[in-house]
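Peer 1: Listed below, chain by chain, are the residues.
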Amino acid sequence: MTGYFLRRALGAVVVVLVLSAVVYATFYIAPGDPARLACGPRCNPEQIRQVREQLQLNDPVYVQYWHFLQGIVAGHDYSTGTGVLHCDAPCFGLSYQNNQQVTDLIIQRLPATASLATGAMAVWLLLGTGTGLLSALRRGGATERVLTWLTLAGTATPVFISGLGLLMLFCAYLEWLPFPSYVPLTDDPEQWAWNMLLPWAALGLLESAKYARLTRSSMLETLAEDHIRTFRAYGIAERSLIGRHALRGALAPVIALSAADFGSMFGNAMLTEMMFGLPGIGQLLVTSTQTIDLPVVVAVVMVTGTAVVIANIAADVLYAVADRRVALR
Amino acid sequence: MRQLPLISRRVAAAAVSVVLLGGAAACGPKQGGDAQGGGGAPKKGGTLTVLNRAPQKQFDPARLYTSGGGNIPSLVYRTLTTRHRANGAEGTKVVPDLATSTGTPSDDAKVWTYKLKDGLKYEDGSPITAADIKYGVERSFAPELSGGAPYLRDWLIGGDTYQGPYKEKKGLDSIETPDAKTIVFHLKKSEGDFPYFATSTQFAPVPKAKDTGAKYAEHPVSSGPYKLVKNTGDGEQMLLERNPGWSEETDKERHAYPDRIEVKSGLSSAVINQRLSTGSGADAAAVTTDTNLGPAELAQVTGDKKLADRVGTGHFGQTDYLAFNPKAKPFDNPKVREAISYAVNRTSVVNAAGGSSLAEPATTFLPDQKSFGFTPYDHFPAGATGNPAKAKELLKEAGYGDGLEITLTHSTAQNFETSPEVATAVQAALKEAGIKVKLEGLEDNDYDEKIHSVDKQPDLFLAHWGGDWPSGGPFLAPIFDGRQIVKDGANFNTARLDDPKVNDEIDAINKITDHDAAAARWGALDKSIGQQALTVPLFHPVYKRLYGKDVKNVVISNWTGVLDISQVAVK
Amino acid sequence: MTNTLTLPEPEAEAAPAPASGARQVRRRLLARKSALAAAAVLGLLVLLALGAPLLAALEGQDPNAYHDTLVDSARGGVPFGGFGGISAEHWLGVEPGTGRDLFVRLLYGARISLTVALGATLVQVVVGVAVGLGAALGNRFTDSLLSHVTDVMVAMPLLVFAIALVAVVPADFPRPVLLVVAIGLLAWGGMARLVRAQTLSLKKLDFVSAARLTGGSSWRIARRELLPSLAAPVITYAAILLPTNIVLEASMSFLGVGVKPPTPSWGQMLSTATTWFRADPLYVLLPALMLFVTTLAFTVLGDGVRAALDPREASRLRVGRSRRTSRTSGAGGAQ
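Protein chains in written order, with the UniProt record's numbering: chain A, 1 to 329; chain B, 1 to 571; chain C, 1 to 335.
Some clues are possibly wrong.
Here are the simulated distance ranges between beta carbons [to be verified]:
no. : chain 1 : residue 1 : chain 2 : residue 2 : range
1   : C       : Val293    : A       : Gly75     : 53 to 61 angstroms
2   : A       : Gly141    : B       : Gly303    : 53 to 61 angstroms
3   : A       : Val14     : C       : Ala57     : 55 to 63 angstroms
Bear in mind the hints are in silico, worked out from the structure with no lab data behind them.
Model, not experiment: these values are computed from the prediction.
Even glycine gets a Cβ: it sits at the ideal position worked out from N, Cα and C.
For reference, chain A alone in the conformation it holds in the complex (with noise of 0.2 angstroms):
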């Protein structure tokens, strides 16, 4: 087993650094010059060129990268100017916009992700996952059909309209909720969950057709398999069948799933952060990449990559846990 997660910890650090890579050489060739961005509107050639060596753009492209993963094992010291800046590993560098540090700026923006994406989870797990097993157990039922409809309507419309749709429901018209405006778990718990109903309910709803439908294929998959009918035809009682056999099985891909999606979120939920002012790191990554922001963009990737690597490691465990004719190799 400890063999088995070093591998795994080995190959994500693989793949957070190809990534790294990919994405610094992408939008190193990109359009837009970074000294010219950080540099103003109406910079002068002198200025760029000025701007350009303090930024240390001149250097070759892959010494550039050298030296950004040097920062992130080693830290790296730069001056402001007046004094010196001690960046402390992991360093992602200074934003090119306003020499900030990226590993602030990424800490700041941590916590409203998470919460988006764990309260959308908590939505696709009981929304799309009660539905998918409903249809699985008892079709036909009036509430399945709502249901169906509502998560199906989830999947065909754009964050950006049904977040509107909510927003405009919920905080114009009803005024059951006030227009959201994130205020930390930590500060006040109850303000927290109040103001991350609709972006949970929004992000969920898109998630949930698709586990409805996982849900309801893998239900249906289980009980066809060989030990459920050995046990229906012994007479075990359907309710015990399903909750203590049935599930287990049918819910590993479910599981599996969701928490490769959770990981995900942290990367792909920039629209929904931006549809309702959530300051998280989707929206960071998106007014970064505007700015060919080089360390922003690169750090963030590399963040919400080693998310997503962390939970495909925990998928395949909790597949192999919840399903066990699934080995871990």
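Fit chains B and C to the given chain A structure using the hints.
Peer 2: Chains B and C alone, transformed into the frame defined by chain A:
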């Protein structure tokens, strides 16, 4: 929803004027109208909430671009001069701020002298000195603190090579401080507009002992009515509270009614406008400093009397236009450029830009405001909906009687200015004249870099331009001064016009320190350049913004076109 | 529970190669009314998309012609008249701001949205199945390599990367193709994962082990035994991916990297329509409705195809409907 676009727009900020708005706001009463919103006289107290899209990423006075750095920075940084906080045209005037006057010129406006007022203090109670202003100007030359306007480098003697006080401790000899209250600037050439430029935050005092270089923006030392108490999430959430060191007697312009100002940004424009219109809780005392009403929201607001009363309208000096490269075929032929000028249907362009309430058709390059020297002309009258017959005739004369195929470059950002909708409207109009237009939509960064690069510049593209201050100089010179063709940097003279007569006239007007006299000459210059059809002016945008129910004393000047946050009261 | 007895023996259903059942599959598919209805809807959509120029001519409108007189310029360009300016000339009204005909733009939009989504899904299925199978059937090294590549793909923030990709590729590259490639090549990770996991499960099952024992090669096993069993989950997942891809296309339009104007697509219409939901609700509702109907139809059809492909599934459906013996009466149940 233009939440994305707004980000791209911030980048498009590279277009000067937009930066200007980057930190600026807008909403208010009808132009020139009296303060509106809520009854009774404005009183001190309360908390003003600011709901914004873009976080205030830059807060260092050296790195901000526009007059006062926009709205919020102008609450923290006082400058030598400042814009007059008044409605409409009155608000295009420049007035003293830290200085006792807008400046005393000598030597043909090459030397500018300022005296500081008495009793000026920082938030910590220490006195503001002329040396601090000199230091503030100098540090804006440091590459660590880039971002400001180019004028200091272009104008100050020695400015072109100076690298800031961190690398060159000695400082700039062209800024003298004979005593603690006097500061003298020595310029390379005559600049009658210097008082307007002195409204920039580079002219805000920075005490050398408190300067922390690149980290200064985290804890800047306030000279204005508010100090920065909290700045988290990279300028996304900010809290400003009263600065005890500021005294109203020395500051005629800023009122500072609210006790606290809370800035919440990172919101989408749809959400901002919805919150302002609903106005529940703290949102009743809220404004936005960066989000206009879009066409759809306007359609909704105009149908609701109560909401319509809470819309502020402003006119910022800006022109949106078609830019040619007259060095490239077929635009090297003036007849082709004229034909396109005739063919343009400004009604559909204005509709694509948000309709007649958000854009006014333009036939002049200068904005239609007196302070810029607006002189009406319409050299190639296209009427309201274009004159395709005349355009066809000209094309025939130019040898394109069988039709013409051209490419129009635009940005993919949905900003209602250089966006696909406007490009499509131009495309549809030119089709009537037998011109087939291929659209080339570029991602905003790409677009911005290409249109300002001498080598990669498209031959025909949508562009916009706004004044760094309300005067003809900063509006015309960067676009038409032949000596401002920038090879390796950001070039704005996209027509590459290098006409000695135009250059000389620009120099001559720059010597004039009487604004009205200069304005008349700028207007005449614009009219004469217009005959060459180097651009096709399309429209001047109009800014409309909502403000909260409890917001009082809304002032919108034509300098910024947006509500002035220093005037707002919530009690 | 007595219904279990009606189930065919597992050997009898797992073994049959799908090739033999092509006709059967069609028969089973035709027997599902819901699937038929969905297929009809999709067929109609495709016909509408293909016949867009004809229908445009019938209505007498052009997708890109401006009608300045039909919109109220002073009010942001909201169409004159009720219901988004519906009239005898403009059957579904006009676009705010420009006055372009919505009916024709919706039709032309269907072309782009459907093509991009179908193309991207196809790319995702091909790449995903290939990688997933390769990982599950290959040796430890292959599995590790392919799984890591999949991990990298899954770990990529899709939209941001798509934006970068669109910015890097020359502007004159055909945009719909670029969208297909961008979405297809960036978002196959989930499919690969699913296929790998399913294959690993299947490998443990008796019939695959049996095939192994009898000495079948990996390729043969993949083709004869695994692919048929994978068809059901793959098709189900593809049916989920399809609408997701339409939404992705919309999101990319929203971020300004969709198809180029004036070409209409549903995504692009949706993204510009969002602000209009109060002033001109029809403008939002129309593309949203089209998107929803398409999604629904694909989902239902996907269900039907899966059930038809997988006889075990079909029989199970009978089990599940123990309360309703007639198969046709439960047509709605699968939605």
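Peer 1: State for each hint whether it applies.
Peer 2: Cross-check of the supplied hints:
For Val293/C and Gly75/A, the Cβ-Cβ distance of about 56 angstroms falls inside the hinted range of 53 to 61 angstroms, so the restraint holds. At about 43 angstroms, the CB distance of Gly141/A to Gly303/B disagrees with the hint of 53 to 61 angstroms. At about 58 angstroms, the beta-carbon gap between Val14/A and Ala57/C stays in the expected band of 55 to 63 angstroms.
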